[in-house]
Structure formats: structure tokens, C-alpha cells
Amino acid sequence: MSMNNQGRPSAIPAGAASFDGVTGTVTGNRGLQIEEPLIFEQDSAGRTGVDLPDVPKVASRLGAVKPRARVGLPGLAEPQVVRHYTRLSQKNYAIDSGFYPLGSCTMKHNPRLNEKMARLPGFSDVHPLQPVSTVQGALELMDQLAHWLKTLTGMAAVTLAPAAGAHGEMCGIMAIRAAHEAKGDSGRTKILVPESAHGTNPATAAACGYSVDAIPATADGRVDLDALKAKLGPDVAGLMLTNPNTCGLFERDIIEIAEAVHAAGGYFYCDGANFNAIVGRVRPADLGIDVMHINLHKTFSTPHGGGGPGSGPVVFAESLAPYIPVPYVTHGKDGFALVENAGEGPAFGRMKAFHGQMGMFVRALSYMLSHGADGLWQASGDAVLNANYVMARLEDVLTASFEGPCMHECLFDDRFLKGTGVTTLDMAKALIDEGFHPMTMYFPLVVHGALLIEPTETESKASLDQFVDALRALAERAKSGDVAYFQAAPRLTPRRRLDETAAARKPVLRWTPPVAAEALAAE
Amino acid sequence: MRYLPLTEADRQSMLEAVRATSVEDLFRDVPKAARLAGPIGGLPNHMGELEVERLLGSLAAKNIPAGSVPSFLGAGAYRHHVPATVDHLVQRGEFLTAYTPYQPEVSQGTLQVLFEFQTQVALLTGMDVANASMYDGATSCAEAVMMANRVTRRKKAILSGGLHPHYRDVTTTDARFIGFEAVALPAAPTGGEDLLALVDDKTSCVVVQNPDVFGHVRDYTDLAAACQAKGALLIVVVTEALSLGLLTPPGDMGADIVAAEGQSFGNALNFGGPYVGLFAVKDKYVRQMPGRLCGETVDADGRRGFVLTLSTREQHIRREKATSNICTNSGLCALAFSIHVSLLGEAGITQLAQLNHAKAVQMADKLAAVPGVELLNDGFFNEFTVKLPKPAAAVVEELAKRRILGGVPVSRLYPGEMEDLLLVAVTETNTDADMDAFAAALSEVLA
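Those protein sequences? They're chains R and U, same order as listed.
Residue numbering for the first sequence follows the numbering used here, starting at 1 and increasing by one per position.
Residue numbering for the second sequence follows the numbering used here, starting at 1001 and increasing by one per position.
Bound conformation, chain R alone (with noise of 0.2 Å):
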């Protein structure tokens, strides 16, 4: 079998794909489990899915411009192109099919009254330069999203325009660097960031032109107070921090952080990623922090497709608040007003094009509205009431990295399975056979082979003791040396492990016709 077949099937001789024993099908099928070629393997030349009206017969104005001959797309009728789909979704894993305890990442339960409210045409089908006069109420839903997020964080000003909590990192680091800039104040070139930070939070302060200046975490996962403080001076712009960590621990010294950043001159950014753990509970303004980013898919539920779109609105304390970027929404004399455009003041350009990711502020408003004050108390103490569960039914058979209590998400390491020749990897693997998604793996950086597990408040406690019994089982089997059985693993899934280094070393990124695959290979 070749590694690399430029997007072309492989060839499934019959019986080759054997299955603990049992020999393939002709199909290469495996009862519901459908192998499902691509859509370019499916070309019935000239059907098309779509019924269009003739064109009428117009002279063509193009200009200069001549029409392309072909853009090389297969054709498909509507009920091959439903069954596509269907079949691939069918081989995912997802937060509605089954527990998904991704740390750092939060995959609680999407309510389908979000989406049912997003596609209501008064919000879906609105288009951003409609006159303001047409579109009152997306800019009153735009404000009432604002007053909501800072009222939950205590800050001042709000921008909804960043289209993701990295893009957020960008638009607080911007700021942070507008201010320094306003007071003349040229000579900070450091940004200090931990080394649990997110990976996002090094590569936006890199970014920004700033350097990067690691501080190191304390015996009990929290960041080195002293290590810190003899790291401030004048060449600091500012902190970048999680909290609660990416360990799951709420950063104790959190205010005398930021008392020691401020009187050093700079400015403490926030990385909002886990603020479903404290939200509606602490604001983080009362923690002495300048500017956060919130991930409204993380926070408030809007769901994240297999990967995006996310929405990272940025919430700035009234030190940083001139410093945001265009557009925001205001109180005009006629109703709701959209400033669009930066102008002599402080307020800096445009992080994206429109006014931010709309529809995912409809969801998040939704979700906000449906748990109110009340249920996002009860919300973020059920996150961290199923975390320390979780963390406390296991900590006798894997070894807990730190002391807790801990938040939101808990953090255990490879210890557990020292001489066992089972990896953290082998150990995620097995999980999927039993039907789990994996926890967060190798992250954060800060411990050895590091499992992190957030559970998040939608998890019944039902679900929770059934994940703890398959991975005690599981740990109590890594231990009696059945190593075999790691390392194969997954069994029974669409795919077994996929070879990543072949995929990096010689990249196919893209299904290339028979023909000209063949002279590629020829080459």
C-alpha cells in the first residue's frame, strides 16, 4: 500500500481488511460503519443538485476579462450529495452523541433554541450596510450583548469584533500597545507570558512585535510570584494570564499579580478561555485585570462545528477602554448608532470586516437569557462541582498533579503510568474504543504527559461515573502490563491510528484528477 495516493482511493482487496480476526467485507463496509469515497469520486458529468432559471440572453459585459472554460467540479443530484454528507457526519464524535471531555477547550451542551433563534430572518438575513435605520434591533441585541458582558466581568467598554479568542489576544495586545504608544511610553518591548499559557498567548504577543519572557509555575501549579516580580520593570508592556490556569487552579495571588504588573507600568491581559469556571461569580475586574478576551463558543455554549467559527469579544477595565478598535455600537439621537470608523481619537482601526461574528451573539444572548443570573451561579458551580468530582474519584489510580480544589477542569500526569510502557496517547486511544472522546492531551506543557479533563456542568453525574469506571478500568489494565492492548488501540472505530509523520513529511492537501495524479507520480 502505497503512503500516498494523491486523493484516490485505496484499493480495499477483498478480505484484506481483517478486524480482530474477522475478514473484510466486499464493500470494505462494516455494517453501519460506510466507507464513503469523495465527492469527487462520485462525478456524474452535468447532473447538478440545484434547479436554476434559464439565464436570459443578455450580451455579456466583462470587460477584459475572458470566461474560464471549466472550474473542474464533480456533478452530483441532490440525494447523493444529503447521503454524503450524512454518511461523514456519521463518522464523528460530538458533544450530542457523547461526553467530550476536551480540557482547555469546553464542550458543554449546545441548546438548539440558540440556533432556532440565530436563523430567525430578522437576524440571519440582515446584511451589515443595510441603512442603521433598518436594522434597530440586531444593534439593540449588539448592545444588550455588551451590557451583559460587562456587567458579568465589571469592566467598562466592550468590543464584539474579534472573530475568535486568539483574534481577541490580538485586539487586547493592540490596545495594550496603543496605550504605551499614547503616553509616549516606547521603551516596552516585553510582553511576560507563563509557561501554561496557551500556545496562542506567546505566538499574539510575538505577533505584535513584542518578546516573549516565560515565567515559571510554582511546586503547586500557579505562577512563581517572586519569579515574576523580578522580571517587571520599564521594558514590560504587559502580563498575559490565565485564569483559572490551564493547570485548573484559580492563580491565588491573582490581585497581588496585578498590583505588582500595574506598579511596574504595565497592563494585565487576561486570557478569558476559562471563564466558564468563575462567571457570574467573580468579575474580573475586581481581580485588578485591565483587558480579557471571552470565547463566547467556550463561555456561552455557541457551538464550534468541528472547529470554528468562535467569537472573542474583548472587555477592557477604563485604564485600557479609549483603545478599542472600530465598530462599536452607540445611543444615537434616532435609536442605536454604529460607529464605523476610527477617527481622530485613540480608538484604532478594524480587526475584521462588518461588525463581528452576529450570529453567534444572537446564540450567546440566547444562552445568557435562558440560565439568567441565577443559573449561570448555579452553572459555574456545577462546572467545578463535576471537575472536582471527577478529579476525586480518580485520584487513587492516576496521579493528580496538583493539590486541589481545583476549577473548572482537572489535571493529572503520566505518572500512573511509569513501567507500564503505556503512554498518556495509548491511553487516550483506548478511551475512544469505549466510546469516550479523549481529554486534552500533552497540554499544558508545564507537567509530564499531562491528561486534562473538564467535564463542564452539562455532564450528569451519571455520564461522569460512567467515564471515571472506564478509565479506572483502564488504568488498572495499563498496570497489569497488558500493553499490547493500549497500543492497538482504537479498534473499533471508522479508522485505526492514522500515520501523522506521513502526512507531514510528503503533504496531500487536496484530491488531484486520475490523470494528472499519475503523470505527478511518474514525475
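Just so you know, these hints were derived from the structure itself, not from any lab.
C-beta: ideal position from N, C-alpha, C; glycine also.
Mixed in with the good hints, there may be bad ones.
[To be verified] Listed next, the in silico DMTMM-like pairs over lysine to aspartate or glutamate satisfying Cα-Cα at most 25 Å (straight line): (1) Lys461(R) with Asp143(R); (2) Lys1032(U) with Glu403(R); (3) Lys1032(U) with Asp374(R); (4) Lys333(R) with Glu1417(U); (5) Lys57(R) with Asp1436(U).
[As the list claims (entries may be wrong)] Derived DEER-like restraints, expressed as beta-carbon distance ranges: (6) Arg1028(U) with Glu500(R): 41 to 49 Å; (7) Thr1221(U) with Gly435(R): 53 to 61 Å; (8) Thr501(R) with Glu1016(U): 43 to 51 Å; (9) His448(R) with Glu1024(U): 28 to 36 Å; (10) Glu1417(U) with Leu52(R): 33 to 41 Å; (11) Ala77(R) with Glu1417(U): 47 to 55 Å; (12) Ser1068(U) with Ser186(R): 50 to 58 Å; (13) Ala1225(U) with Gln487(R): 53 to 61 Å; (14) Ala227(R) with Lys1202(U): 23 to 31 Å; (15) Lys57(R) with Ala1229(U): 38 to 46 Å; (16) Ala227(R) with Leu1196(U): 48 to 56 Å.
[As the list claims (entries may be wrong)] Residues on chain R that point at chain U, a partial pick, calculated with CB under 7 Å: (17) Pro67; (18) Arg68; (19) Tyr85; (20) Asp96; (21) Ala164; (22) Leu232; (23) Arg252; (24) Ile432.
Keeping the supplied structure of chain R fixed, place chain U upon it in accordance with the hints.
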């Protein structure tokens, strides 16, 4: 609290298991001064499903949906008919509620979709390879410039006056904070700018748009060759992806990078987002490309499968040395794009593009026949610019009172400039009656 499964009895037994006296006790690491004693003030308590529907429904009712009136708005966001099948499939929970495919064995659905999406984008743009989507067209454009800076090790970008001003602004915002030079030419409503004269040995790229923001279609073949001769890359931006069904694609003109907005396929207007950024490059730049990539490989049984690949460029491996800080993509919007393109197929996309163009030709002729209106375009796809005898913003406001969304005043995009210019977009959703109503209403307003 219908979203919370724990019962009071569950909570009590779980608290015993964790040896805590109360949930509040688990928050004991939070400094006391910052701990709220109960639910936060200033916000309402929870609502039932019916109440939420009523409240959000009342807000939605204050907007005029574009589809409820004759609508001719474009300028980077286009109202096309999306087949019912697209939204139905997108809402399958296995797509909607999945996360980034970090575990490929249980994410082959998402991964195969991304592989097919990459192929569709490469075919449409005429480029070698595409990534698995960016946030939107504007951020895709800014990332393209940053990529050109990396590839050429130069730090000056030339932005055409035909580039959508939002795209220009996103790029110049990045230029200010990230530290490169972006030379933006003045708006060119009738075209005619000598981009090549500005290219020097510090120029990393020239950014042009096709059709440009005023609707002009252009052939950039000569510009591509000239840029190449000077060691600069040509970035072609496309805001109306459907145009790729009819026009010579940027790849055939010699573009190095294509940055586009894919909203036109499968994605509703949504008041500006979420949309889907397209990003395609020549083969030799693959490892400099930002964003996610899905690649083909084989599994332990030798069967074809897909994984996220080349992640060594990315923030979660390279951290401060990463190619870009981008982490999220537009997975679900890319899925909608992909399904719509699959439904259209070769025959459908060609016909849909021809239909859009033909209707736009009809509309342009109707408007040009209105006294005082002048058409500025010789060549266009489905959008064009007209010059009015009055400020366009006031005209559009008057038209809105007559329940016609009659285009985008150019001054909305360029405040204080070109106040008599109006951008008009026409798609397959506009009926003959819509077009006649628009022309008649414009005659009245201008009379």
C-alpha cells in the same frame, strides 16, 4: 435551569465525595474580596424557552430582512439562495457540536469535509492548494500580506485603491501593530492606477481585488508577471466567490496567493458574520501558509484517512515562533460552503454565475436609463457603481422608506468621499419585478 442535569441530591453526594461542605467551599482559592455572595446583580434571572423566543423575536422584528423586500446590497456580502439541504446538513449534531478534529480516528467526517473543501477552493481559485478556512475575507487578506512578508523577507505591501476598504483597514491595523508598511492607494472608482510604479526592492506584495470594490473586473496577468520580475508576490482578493464560476481564476492570471470571502456559498448574510475566509497559494508556499490544513494519509490497516497536518507551523507547537496566532477556523461555515458547491457542481456553478451576470447587466441597463444616473463600469460581474445626481446615502434612506434596499452608498465605506456614488449588486434572488420596482423608485426619488 433545563440545561443543568445535577439534582440537589447529586450535588450533596458529590460534595461528600470531594470532602467539601458546599460548592462555595470549592471556590476558596478565589480571594475573598472578589467573591460574590450570590448571583450577580444587574442581570435578570433565568427565562423559559418561550420567554426567550418572545424577547429575541421582538428584537428580530425590528429589522428589515433583506429577503422581505427588493434588495441590492453587496460590497463584500451577498444574498444568494441557499438550498434547504445545506442548512439541514449543517445542523446535524455530529457536525454542529464537534470540536477541532484533534482525534482523527473519531473525526473523519470533519476531516474529509475539510479535505474536500480545500480541493474545491483550489479548483475555484485556480491555485495549487488551499487551507481549511480563515475567519473571513478581510482577515484572510491581512494574513496573506503577512505571509508575503515572510516569504520575501520584505516589509512593504502595496494595496490597490480597488481593494475593499474594510480589507484595507484590517491590513493597515495589522501593519501598525505588527510592524510592516502598508501603502494604500486612494479609492479608484473608475479604475486606472499604476501599481507597478510603486513596486521597489522593499515591496513584498501587491494586493488587488477582482472584481474590485467598485465592481470592475480586471485581468491581472501582466501585473503578476511584472511583480514576479521584481521579486514581489501578487495577492488577489475576491469578495464575491461566485464570480469564480465565470471569470478567469486568479491562479490562471499568475497570482501567488488568493484571499477570498466564501460567504456567497452556503452562508447567510448574518449581519456580517460568521463568514468563511478562503486562502489558497502556489505549492511552493505551503509551509508558509497560516491556518489549519487537512492532509491525506493511511491508517494502521493501510486505509485512506485524513488528519490535521503541518502543525509544526502552528501556535500550539511553535508558540512564539508560529507562522500565525490563528487557532480557530470557520469549520462549520466551510462545511456550508462545501455542501452548496457540491450541490451546484460544475454545471450549476457555471449557470448560477451566468445568471448573476445576466441579471446584473439587465439591472445596469435599467438604472442607466433613469434620468441623471450614470453607470461607471464597462466590465463587471454582478455588482456595479452608478453616479447619482444627489448624495447616495440620502437616496438609499428614501428608498428604504419605500421598502427597497437600494444598494450601498460608497460614502458608507469611505466616509466623506464620493457621496454621489452608489454600489448596486444583483443576484439570482432578484426577480424582474424587484428590478423594475427599484428602477421606478429611484426615478421617483431622483425626480
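Hint-by-hint comparison with the structure:
Between Lys461(R) and Asp143(R) the alpha-carbon distance is near 37 Å, which puts this suggested pair outside the 25 Å criterion. Simply put, Lys1032(U) and Glu403(R) have alpha-carbon atoms about 20 Å apart, close enough for the 25 Å limit, and the pair holds. For a cut-off of 25 Å, the pair hint linking Lys1032(U) to Asp374(R) stands: about 20 Å separates their Cα positions. Among the hinted pairs, Lys333(R) with Glu1417(U) is consistent with the structure: their alpha-carbon atoms are about 24 Å apart, no more than 25 Å.
Taking the CA atoms of Lys57(R) and Asp1436(U), the gap is about 18 Å. The hint holds against a cut of 25 Å. For the pair Arg1028(U) and Glu500(R), the supplied restraint of 41 to 49 Å holds, since their beta-carbon distance comes to about 42 Å. The beta-carbon spacing between Thr1221(U) and Gly435(R), approximately 55 Å, falls within the hinted interval of 53 to 61 Å. Take Thr501(R) and Glu1016(U): their Cβ atoms lie about 47 Å apart, and the range 43 to 51 Å holds.
Range check, His448(R) to Glu1024(U): about 33 Å between beta-carbon atoms, so the 28 to 36 Å window is met. Checked against the hint of 33 to 41 Å, the C-beta distance between Glu1417(U) and Leu52(R) comes to roughly 38 Å, which is consistent with it. A C-beta distance of roughly 49 Å is found between Ala77(R) and Glu1417(U), which places it inside the suggested range of 47 to 55 Å. Distance hint for Ser1068(U) and Ser186(R): a CB-CB separation of about 53 Å, consistent with the stated range 50 to 58 Å.
Distance hint check: the CB atoms of Ala1225(U) and Gln487(R) are about 54 Å apart, consistent with the given range 53 to 61 Å. For Ala227(R) and Lys1202(U), the hinted distance range of 23 to 31 Å is not satisfied, since their beta carbons lie about 41 Å from each other. A hinted range of 38 to 46 Å holds for the C-beta pair Lys57(R) and Ala1229(U), which are about 43 Å apart. For Ala227(R) and Leu1196(U), the Cβ-Cβ distance of about 53 Å falls inside the hinted range of 48 to 56 Å, so the restraint holds.
The interface hint given for Pro67(R) is met, as the beta carbon of that residue sits about 6 Å from the closest beta carbon of chain U, less than 7 Å. For the restraint placing Arg68(R) at the interface with chain U, the shortest Cβ-Cβ distance is roughly 5 Å, inside the 7 Å limit, so the hint holds. Against a cut-off of 7 Å between C-beta atoms, the interface hint on Tyr85(R) holds, since the closest Cβ of chain U lies about 5 Å away. Evaluation of the Asp96(R) hint against chain U yields a held restraint, the C-beta minimum of about 3 Å falling below 7 Å.
About 4 Å separates the beta-carbon of Ala164(R) from the nearest beta-carbon of chain U, less than 7 Å, and the hint is met. For Leu232(R), the interface hint is violated, since its Cβ never comes within 7 Å of a Cβ in chain U; the closest pair sits about 19 Å apart. This hint holds: Arg252(R) has a C-beta 5 Å from the nearest C-beta of chain U, less than the 7 Å allowed. About 6 Å separates the beta-carbon of Ile432(R) from the nearest beta-carbon of chain U, less than 7 Å, and the hint is met.
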